[in-house]
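K.L.:
In order, the protein sequences belong to chains L, A, S and Z. Numbered by the numbering used here, the letters in the first sequence go through residues 1 to 472 in order. Numbered by the numbering used here, the letters in the second sequence go through residues 1 to 472 in order. Numbered by the numbering used here, the letters in the third sequence go through residues 1 to 472 in order. Numbered by the numbering used here, the letters in the fourth sequence go through residues 1 to 472 in order.
Please note: incorrect hints may appear among the correct ones.
The list makes no distinction among identical chains, and a pair is therefore deemed to hold if it is satisfied within one copy or across any two copies.
Using 27 Å as the maximum straight-line C-alpha spacing, the simulated DSSO-like pairs for lysine-lysine come out as follows [stated by the list, open to error]:
no.: 1; residue 1: K369; residue 2: K280
no.: 2; residue 1: K105; residue 2: K411
no.: 3; residue 1: K411; residue 2: K370
no.: 4; residue 1: K448; residue 2: K467
no.: 5; residue 1: K464; residue 2: K40
Derived from the structure by calculation, the hints contain no laboratory data.
There are 4 protein chains.
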Amino acid sequence: MAKKDATSGSGNANPMWGGHYAAGPSVIMAEINASIDVDKRLYAHDIRASKAHAEMLGRQGVLSGKDVKAITRGLDAIQKEIEDGTFVFSSALEDVHMNIEASLKEKIGDAAGRLHTARSRNDQVATDFRLWLRDALDGLDESIKDVQAALLDKADEHASLTMPGFTHLQPAQPITFGHHLMAYVEMIGRDRARMRDCRARVNEMPLGAAALAGTSFPIDRASVAKELGFEKPMENSLDAVSSRDFALEFLAAATVLGVHLSRLAEEIVIWASPSFGFIKLSEAFTSGSSIMPQKRNPDAAELVRAKTGRLLGAFSALTVIMKGLPLAYAKDLQEDKEQVFDAADTLRLSLAAAAGMVRDMQPQEDALKKALGVGFITATDLADWLVREANVPFRDAHRITGRIVRLAETKGCRLDQLSLEEMRSVEKSITEAVFGILDPVQATASRKSAGGTAPSNVKHAVKKARKRFLSA
Amino acid sequence: MAKKDATSGSGNANPMWGGHYAAGPSVIMAEINASIDVDKRLYAHDIRASKAHAEMLGRQGVLSGKDVKAITRGLDAIQKEIEDGTFVFSSALEDVHMNIEASLKEKIGDAAGRLHTARSRNDQVATDFRLWLRDALDGLDESIKDVQAALLDKADEHASLTMPGFTHLQPAQPITFGHHLMAYVEMIGRDRARMRDCRARVNEMPLGAAALAGTSFPIDRASVAKELGFEKPMENSLDAVSSRDFALEFLAAATVLGVHLSRLAEEIVIWASPSFGFIKLSEAFTSGSSIMPQKRNPDAAELVRAKTGRLLGAFSALTVIMKGLPLAYAKDLQEDKEQVFDAADTLRLSLAAAAGMVRDMQPQEDALKKALGVGFITATDLADWLVREANVPFRDAHRITGRIVRLAETKGCRLDQLSLEEMRSVEKSITEAVFGILDPVQATASRKSAGGTAPSNVKHAVKKARKRFLSA
Amino acid sequence: MAKKDATSGSGNANPMWGGHYAAGPSVIMAEINASIDVDKRLYAHDIRASKAHAEMLGRQGVLSGKDVKAITRGLDAIQKEIEDGTFVFSSALEDVHMNIEASLKEKIGDAAGRLHTARSRNDQVATDFRLWLRDALDGLDESIKDVQAALLDKADEHASLTMPGFTHLQPAQPITFGHHLMAYVEMIGRDRARMRDCRARVNEMPLGAAALAGTSFPIDRASVAKELGFEKPMENSLDAVSSRDFALEFLAAATVLGVHLSRLAEEIVIWASPSFGFIKLSEAFTSGSSIMPQKRNPDAAELVRAKTGRLLGAFSALTVIMKGLPLAYAKDLQEDKEQVFDAADTLRLSLAAAAGMVRDMQPQEDALKKALGVGFITATDLADWLVREANVPFRDAHRITGRIVRLAETKGCRLDQLSLEEMRSVEKSITEAVFGILDPVQATASRKSAGGTAPSNVKHAVKKARKRFLSA
Amino acid sequence: MAKKDATSGSGNANPMWGGHYAAGPSVIMAEINASIDVDKRLYAHDIRASKAHAEMLGRQGVLSGKDVKAITRGLDAIQKEIEDGTFVFSSALEDVHMNIEASLKEKIGDAAGRLHTARSRNDQVATDFRLWLRDALDGLDESIKDVQAALLDKADEHASLTMPGFTHLQPAQPITFGHHLMAYVEMIGRDRARMRDCRARVNEMPLGAAALAGTSFPIDRASVAKELGFEKPMENSLDAVSSRDFALEFLAAATVLGVHLSRLAEEIVIWASPSFGFIKLSEAFTSGSSIMPQKRNPDAAELVRAKTGRLLGAFSALTVIMKGLPLAYAKDLQEDKEQVFDAADTLRLSLAAAAGMVRDMQPQEDALKKALGVGFITATDLADWLVREANVPFRDAHRITGRIVRLAETKGCRLDQLSLEEMRSVEKSITEAVFGILDPVQATASRKSAGGTAPSNVKHAVKKARKRFLSA
């Protein structure tokens, strides 16, 4: 009884629904149904789209010029109020569209109602959401580019700084610090491309689909699309109001970008650990401790790493939401925006932190040099030298190298600390020239194949990448 | 350049970090790092745990009685301020713990610092979070129980209302409306049990683990655990600060519950569609349209269905966050709370909506009856009758039934509208008695096996379930 | 003890690892480590890439012409054996690359070893995998196109068949069957575009990156890329062996396509339910029951709907795998292929089933017509008519329509069964002309706005879509 | 055309469906529909359940004693054939149940058909699947226990071996190697408990629910449940055939366990990296390289870490599959088994690898000792000493410690290498006694609070954990 009362109608009916909907939604319904806290971020795009719609209706003779002017003036005033912080959003009016419409009615009277001619909330919200996401994608493009710029500057500066390259987190071959950073320039370069491809599919206009079936009013969708910067009106009205693959595609691209950032972040955390000590982080992106003032906890890197989780979470969430939904509009779709907004915010912040960390990180030459002394890191170079210079068959060269490494291990020295005699005791054809290749710096310089780690390659790659990624 | 400036130190250092941390975190760092907007919901649990900790330190002689009193009084005052809405949370103080600690220092001076003896933020936050989740689980237990109560009342009322039971959304056998609802009582009953099992693992106390290794102060963890209602102190200090499986377990249980609610919601949506018309929903949980006032869009059901997405999203997010994290504390863990808070809020709301919808839904006898006339729904009963009463071998009974169904289909009538002769033209052993079983109501009544759909079973099941689920 | 023995070295060492690796991997290790059961599907691409690599080494003077010939001949023989089913894959040789290499050594001796000059398993597997996926994408493009072809034929055939359009699974406005199907042509058309965009990023060549750092051998990557049909060699050697975003992108695109197929499948399940009865499915894609022979369970549709799950599962899995992996190669990457293979197989099958179901489904005119009589489905058309023809303000038109609908509801008739007088009792300005718009067929025909549901639009859209999607 | 033919009926109809289902499923349908390759793993459980069902039907007088004997004998023979490898599974017979039933019919004739009395494939498959999972859970319990045993032995052996404890992968406080391992004993101990809780919910019997509604045959479900070791028959027949939350719960528990294993694996990878060098791995769980024979790539650890991905993948997949499914049985449910089988296999292998790696790993004292000299790791101990022994207020103690650390950093020495005078220059109250606490070994020994890292605690914890976890 009491329980029932608590969930029953409470009179805060949405007055926009008109007179026939007697009982108001209950408190629970109001809470579960209202999206205004989330979708008010669409206000500017809603107003922009409404103005374009009204103007088109004017051009087509559906609205009078006077109405169009009133609508435009009213919407401009509302936008100003919102941006001034004087607009009061009402939860009873559910969403941003109803809030703006109600305010418009207060301001200009009946003409406000006519704005809704030949459209519905279904095509309206899809349009607003696409406009918002298009702007977000443009912002993110800049943010990714900024990370690339930071990586490029750092790679350029340290194009010839030698460090161990790892496989399985075991030292494998010497590479340069610049070459390592350039890998990320490529990775997030593809992320930018994915976002750009996504933008093209976001940039099609649902408006004019009305509730689901189009309209019998003589509207001109092409002109509205042009006005709003859309590539074109969508071809099918049911598709226009029912589909959210543009949002899923964005969340997927965001997740993949998040994975890349998590890999960079993980490397920063590992490199900043004293046992590695490969880089020093700035105070700006670390936290300290009053009792261990030397400690720089890589908090920002850890947070960037973690935030990959919420990106996959958002994609998974929207996939579950969309799975098995019949056409056309269903209220389930209302859950789309929060995921997309959160992913965009998360990326904006993660990218800014990544750019900052990269700019501030200082590679530590001594630690890198010391690490190069571990793990017989030029063993592959020795094997290749045997093949290339001493004509030893490939698999034999591997066996011989293995025995020389074993010898150095037994003696507790680096490969380049073995004497020529010691090496020749394993393989006769080895000559003095081998020492050239046993030094990590020289070994690195020798890997000049396209895409290889040689400093000259890195310098060239930086220059090329600046052109490919930054000049646009 | 300008860009670099924008991300560099800005002086808004957290004053709690002490004097040695010269440059403040940048604006980006402040934004990515601060958790206060999320974790301020922990305030009451933080204060409760701090008071228990202080009192124990007093009992153990680590703090003076005067300090303990000052701390307690100060914390109580802070709690009051927060609940009165007069407390100002500062983003520069990062999180709820630092905000409360800073305020305490203002109020009581140096004693505030001593509260932090023998603990760290690492065990503190894990403790607060578990206390919060324990309360949330208790609340959710009530919410699930309320849905069960609603289902039980409705099932009781309609224990013998016959409707088609579906497989593959095709009519298969007649069941009762009450029996159908009772399936959900069982399903979410297991969800309650999962939540209860989860609660037992949540209810272990990290406090006293300090940063990660325990402490050399002579603390008494058992007494604090008792005071805070924890089952016991956790056995290993690293585990205590590093583990979040209690949160993952909650999110998993929440997802499974969400799946069950989505199935109920889907059935509500389908049943409320005019082509089915099995139920009528109340205005309270539907939305209308001024132009189609008769329309009741099942918005609440659709939202409940959709919200399963954010539950899986939360579990996926935290799984990604936790994957591959070395012990002990890492900043990645800060991302745990937002997921858990959101899942708890989502469930609270979804359960309330589900309970309300179930209470308000009105099964439509006419539509159910009409649907029973479709699909030869008692065909299985006929086959079973042939086996049971006419001694026909099982697979033969199936073939015979198939031929009789085909006959009815050809004639465009229901099975019980065939004449005895018509049936006997297919199978001689059929007698007048068969008509008993061809009527859906009687067929339903005959399924008296344990757990079967007979109305008498449903009545019994309701009684038993009230005892199992509601009396506790 | 016994337990320990069970997991210790067992002598089945991979003989390709050479002499220094004394103890073999244990049984457990062999089981967890071997990927041959999965990656043998790469055999043809592995052989193709090896041949191109060998020929380039020949051109560059690294291998002798004799060696190149022997290698080519040997690889061709191996491919024939595999395709004839006479090749015996050995689990002790771990993966497809080692199996082929070992067989090659048996066939041609030492030259086999030299094939591995200037490459490593790291760039080799990434190359093979991309070649495989490129082929799979080409196959999937055909499969999606075939679904589009099926939809287009069906849409063309039923371009003017009127049916209810739904929002919230409630009848909302009349549409045509063809228009509904065309929504899916658009949806999966974007999926094709996503796959195409993905293909472009797949189609870059890792080969030549060697283990991670490039090589000092004078290789010519551009010519190998050309030979293998790659757009270009990848720019950075670490990126080439470490990145799997091409696989993630494919799995994401697969998931989104899966979501679209699940929506189509859900509609098929609902439409085929007797309560709707909108379509009749063929026996080919349904299952029956011997006792209810008329029953056609939409098994294929249900399986297509369910398989969305494994697509999201695959994307989630690989996201977790890649999260936080330091560069360059790590064994974690071995888990990539099973997910991608399964997703490609799943899509191939789901698309084939979808195409078949669409081709075979028969819309049921009677049921569609009957459903159009429910829910006052032309109410929006009435409101629009009032605005457009009777100059009634927009919101007033809605209120008036609501009252007329209420009137029809009270009388238990359709809107077009009200008399003109009855309608005029609500709104004076209504004239005889209104009846034109109250009939669903005419209402549908009136929605001629671009992308709207009018049959003439659908015919035009089909023609245009054939050009856009099928002629390529 | 040709395309259409390829998907049309092909005559390979499942002969078990009886005569009325004219056209066979097409090739596509056969491929998408058949589950035999996956579900044949259920054969033993299917036979066991069938025997129990037949015997009960005999006891209840539904089947004759002769039939029951024939069925039992026939099923036993089939089981022997399957286990001998002589049984030929047919894909045309779709699933394991039909394969066994068809074979039984060949062996014993008509009685085979009567076995299906009072059950359906719906309750049969749910029963088999639960029996299988129950066995798998029992096996996994042993596997987890074995990892605990390995951890406990290693922890016992190294209960007092001091190493750095990390937060943020930065050295924070000294701990013992044994204490660190004991954290995992606790973590996976909770995983065992979750699996046990899951087992209780798995262990309820669907059999007797028949297709969805129960049956009119006088069955005795309780006795079958007892015979099969089930806790009880499920209470509601629709729930019994429709629910898969037991599978979801297992997959969730598997994912959380996978997360724990991934954390252990990540630590193994990091510790085995030469820059850390904390442990040496055995050859058994690593891979080598012929050219770098000293290299031990932690392949098994990386694979264990990666496999977390497929566990989350499986949970996500089944969540998507189950989301929004109406009751009762739908073909979507067929997709449940592959996920569960794969997760169980994955865990079995990952746990075996984890146990083996833990048993074989050798902590490297020198490296651990060296690492303890970095990062002023006893700074917290100094601060605590100041509070505890020198009565310095808490926050002051932190500031003082910070200044002493800064001093040591400037001098490039460890804290215990500062002279008393140097320390007293910062804080007068420091005495000779402070040196006791500055040594990591002594510092570790002092952390005797419950759950703390002191070696005596670890020894005690090992003993207690052996009792809690291994004696059962």
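K.L.:
Taking each numbered hint in turn, which are not upheld by the structure, reported in ascending numerical order?
P.N.:
Numbers 2, 5, in rising order.
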